[in-house]
Amino acid sequence: MGDADRLSELGTATVALSRTVLVDGAYDALMSLIMDRDLRPGTPLRIDAIARDWGVSPTPIREALAKLESTGLVVRVPHKGYAVAPMLTEEEFVELMAARLLIEPYNARTACQRDAAGTAVGLREWHARMAEAARVNDSENFRHYLKADSSFHDVIARAAGNRFLNRAIDPMAAHVQRFRRFSGSRVSDADEALAEHQAILTAFEQGDPEVAAAAMEAHLRGVAERATHTTTDG
1 MGDADRLSEL GTATVALSRT VLVDGAYDAL MSLIMDRDLR PGTPLRIDAI
51 ARDWGVSPTP IREALAKLES TGLVVRVPHK GYAVAPMLTE EEFVELMAAR
101 LLIEPYNART ACQRDAAGTA VGLREWHARM AEAARVNDSE NFRHYLKADS
151 SFHDVIARAA GNRFLNRAID PMAAHVQRFR RFSGSRVSDA DEALAEHQAI
201 LTAFEQGDPE VAAAAMEAHL RGVAERATHT TTDG
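Quick note on full-length UniProt numbering: the sequence shown kicks off at 1 and runs consecutively.
Because the hints were derived from the structure by calculation, they are not lab data. Don't be surprised by glycine CBs; every beta carbon is placed ideally from N, CA and C.
Below, in silico cross-link-like pairs of lysine to any residue (SDA-like), each with a Cα-Cα straight-line distance of 20 Å or less:
#1 K147 with D191
#2 K147 with D36
#3 K80 with P58
#4 K80 with G42
#5 K147 with T71
#6 K67 with I169
#7 K67 with V23
#8 K147 with E132
#9 K67 with D154
Have a look at the derived ranges for each label pair, beta carbon to beta carbon:
#10 A99 with G55: 38 to 48 Å
#11 P171 with R114: 20 to 30 Å
#12 V77 with D38: 17 to 27 Å
#13 K147 with A195: 15 to 25 Å
#14 R226 with H79: 36 to 46 Å
#15 R37 with A195: 25 to 35 Å
#16 V121 with K147: 16 to 26 Å
#17 A98 with A49: 33 to 43 Å
#18 S188 with S57: 40 to 50 Å
#19 K147 with A168: 13 to 23 Å
Construct the entire structure; sequences and hints are all you get.
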């Protein structure tokens, strides 16, 4: 069975779309299928077929795919429609991390200046969840670990409050998570990442914006080095 048939195989039993939020439901369902590797790079995403299999009209599927295209996880192929985007190359991943280095230290500094104590509350929650997920090193907990990791960064981005930067960074986060999921199904750098996140959290608890920015920069450089080292060495 081909990857395209996976959409039909999963069917309505595993894709629960809320009738009141069809576009968001379709978006979340398709995102999960891509991120969980049920749909491989290059898999065609046929609007009419998906709508038929999921029991909805084509409109919410079309709108969901347009939203996914803006993240870079889905591409529109001329005369063919949508397809799952190719994986980032290692060179593209390095470029993506360079872009994050321009944005996220700024976000950390700004968020700490605006509301250090309030932001620290959210950071503590996701840091704890990340540590809990890292205790059992299997594929299911790997998913929870990556979710907590992404949410930790999202707390800072939202607290910084720059809508334009948030629009830029949201697709980056999706690509990073996908790159890491396809690179393996286990947590390989939990000790380092948790220590780096703790340094960021401590800076917020102490209300020091410059230390928060420096800690974020150190963390992102560590992530980039470890991720590319893993893919190079297998």
